[in-house]
Each structure stands twice: as C-alpha cells, then as structure tokens.
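Using the sequences and the hints given, assemble the complete structure.
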Amino acid sequence: MSNRSFHWLPAFGAELSELENLCLRYYETEVMGHIVELCPSLSSLSRASSTRMPGSEIDSTEIPGSSPPQLAPLSLPPSLPSSFPSSQIPSVPLSPSFLSSIMSTPSADTTRPSVSIIALNTSLFKHEHLSKDKNNFPSWKYQFIQTLRMNQGADGYLDGSIIKPDKETEPRAWSNWKANNGSILGFMGLSVEVAEQEAIAKAETAQIAWTSLLKRHGQEGPVKQVQLIQEALSIRYSPSENFATISSKLTTLNDRIWEMGSLTPEAFLCILMINAMSNVPELRATREHVAQSFAQSDGTNPDFKDNPNAKKYDSSDIKRALDMAQGLNDSDSRTGDIALSSQTSPKSNLKNRPKCTNPKCPRQLGHTKEWCVSPGGGMAGKSITESREARMKAREKKENSTSGETKKPAYHVIESNGQAYIINMDNNTVIRATPSGSTPEFAGIACDSIHSIDPSMITEPERAEYEGWLAFEDWTGARGGET
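All letters in the sequence shown, in the order written, are residues 1 to 483 by my numbering.
These are calculated hints, taken from the structure and not from any lab test.
None of these values were measured; they are calculated from a predicted model.
Check before you lean on any hint, since a few could be wrong.
Using 16 angstroms as the maximum straight-line C-alpha spacing, the simulated EDC-like pairs for lysine to aspartate or glutamate come out as follows [as the list claims (entries may be wrong)]:
id	residue 1	residue 2
1	Lys-355	Glu-370
2	Lys-178	Asp-155
3	Lys-312	Asp-298
4	Lys-178	Glu-168
5	Lys-141	Glu-266
6	Lys-224	Glu-193
7	Lys-319	Glu-370
8	Lys-224	Glu-198
9	Lys-134	Glu-193
10	Lys-215	Glu-198
11	Lys-215	Asp-159
12	Lys-360	Glu-370
13	Lys-167	Glu-259
14	Lys-393	Glu-370
Have a look at this one:
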C-alpha cells in the first residue's frame, strides 16, 4: 500500500511570510494538536508527522532573509487505506491571530522567551566611581552606556526600550527581564559614590535610576553653569598640548553648559548676579541660599499651564535676598559703631588722668611718680596703703595751710554696674547704698573707708573710677594749694 502525501500544509505555507513559516515549523506539534481536536480520527496522523521537535536546532535556510523553507510533506500512516478521501482532511485557517495564539502558549515562552537572560560582564567598565564633587558624570555616563551596549544591548533597560513582559502570558520572559533589570541596578549602584547611591536607592527599575542620575547631574544649577563658563573661557590653545585635544575639551564643556538649560536674558542676568556675589564674605550665606533656591526651582519662566505647581525663581527673588542682606549688613555696622563709641569714650578720659613717669611702674595711670611704690618711684619699697596714707597726709597739710578757707562737704554719686556709690569728700568715706526694695523698715548703709579699698580686689571699671577719684583728689589738693 503506497503512502499518500498531503499537500495542503505546503500549499498553505507558500502564502505565508518567511517568519510565519519558521514559526509554523517550530510549532507543528501544537498545530497537529489543534487538528486532532477538530478531527479525532486523525490522532495517528500527528504521531506520523516527520517534523522536528520544538527544541531542535534551526537550519541555516530558516534564517530570515534566506530562501523560503520547504515543509516536508505529511504522509498517511500505513494504518489508513489508500482510498482515504482527502476531503475529510480539515482545512485549518492559519491566520495571524492563530499564529499569535500559538506564540503565546506556555510552551513557546519556555523554549523561546521574548527576553533572554543576560550574563552581565562588568569587566569592560574601566572608570572611577561617579561623584558630583569630582564632576565626572559625562565620561562616566559614556562608558556605562557602552559597557551595557556590549552586553547584548542591555542599554535598552536604561531608556525603557526593552519593555517588561506580562507576567501571566510570558512568565519566563518576565522572570528574565526582572533578573536583567536587577543586575543593571546592582552594577549601577556599585559604580557610584555613596551620595549617588542614596539618590537611586528607592528606584525599582534601571530606567528610573538612570533618569534620577540624569536629573541630578544635568540640572546642577546656575552656579555650576557659571563655573563651567569660567573654565571654558580660561582655556587657551598652547603649543605644548595638541590643538585637537584642547578643541575636544572646549566641545565637551560647551555641551555640558547647554545641557544645563538654555540661557535666556533673565537666566543670564541671574547668573551674572550670582557670579558677582563671589568672594564676598558678607554675601556668602546669601549666595548659597540663592544658588540652592535657583537649583530647586523650575527656572525663570516655567510653564504653569502644564505644571500649575511649578516654582519660579528669577532676578527679582535675588534682589530681595540682597536687600535683606543689605539690611543685616547695615544693622551690624550700626552696632559696631555703637560698640566702638562705647569703647573709645573711656579712653578719651585717660588724658585727664595722672600718669606715672617711672619706667619701672607696671601700672602708670592713676598716680604720679611721687607716690609710686615700684622701684624708682617716690614710695619705692612701701605698700599701696602706706603710699595712700602719705598722700592723704600731704593733702591734709596743704588744706591746713590755707588761709581760713572753709569747704562744704561734697557728695558725688557714681553709678557702676547698677550699684550706687556715695563719696563723702569731708570725712573721706565711701558709702555703698543698699537697694531700697530690700526691706521696707530699714535701708542698710555699708560704709567703707576709702583707704581700705584694695585696687587689686576690684574690677577694671571700678578700678578706673577709683584711680580717677584719686586723681581728682590730687587735682583738688593742688587747686587748694594754689589758692
């Protein structure tokens, strides 16, 4: 009994594209399964098929672009009679939707997933870690992309061109995509500094992490733009360096300057104002605040229609910040003038105080050489108390030698650190008044002799007042002697 060949599959396949023919060859087993469902009597036909299994190798003629493949004719198994009518063979419509359903079957995702696993080779990457401080994003970006590009085009994960498959219809492709995405995220995290890792730590996909890095390093603000412009303007061609190398540097800087945003007249004015605040200590904090605010804004002319919550920052904001800095600076200047005036006022009175001419005297103000107790002074070897007593006796002697002149007691009140002092010029006593609010019945008065005051035990302002009083006593005694 001779075998009969069925020519319905080859004839139908001739009308298909090369890709559809290739898919048909790979999934003839599935096709025959559909045929058996339509015609159970042909179950032996699927077992007699001479097609290859899905896992078999692809013939070179099956590659797209080569000659159309020729499907092997299917023969009737020996169990069927030769007179079996061909009209009973079902006509299976292999439409594009039918082929699509075949491609999406679990067996297709298992054998030929739409996304293959990538064994990422990171040894090709030869660059220092990405750092905002080192300003090395352009070169790092270029080498990172090229490394992924040489790993089966894995750079498509950065721009989202490799789409994430559906987990339900393509579980294996979805799993491969997740693994590849995780490998790229890990590679990215290990090739950046800690500060950059914090910027991409919450990114779930390589595309989100990549976009974050582009935004972080692409919009560095006007201060960085000013620095790049200054750097570009400082470059000069030199015979010691290849001209092409210098041109390449200028090209790179120019690209980076314009990647930060176009320079409108308003934006350029802001850059000029920020640059003018450089190297001014009084404006350091203002400059940092302005630069940070400008970098966090949406520019000088944002589109509020597309983004109603956009933040505008222009030269008017910088002027307000400068006005505030000017007010603080003026306030500090006035405070300094007042402090300087308070410091110079006592000094202006020093010229009226007696001064000792003894070169060995450690404290020359407040007395003369005649009463100085230091070596070389009139009272050398004596104590301050003895000098004071001798001075008082000399003054009393002058007063007694006057011709019957009587003086009324003179009282002088001196405020020192909120404390009131009453000096009695008649009996040579200092009265320190106790605040009246202490007791309603009695206001205590503590009296100390002038001669009992030790200058080393009082504060500097009080010492100055004390020495001034002694000078006044000397001056009064001298006037009394003159009269």
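>> Which constraints among the numbered hints does this structure fail? Numbers only, ascending.
In response: 5, 6, 7, 8 and 13
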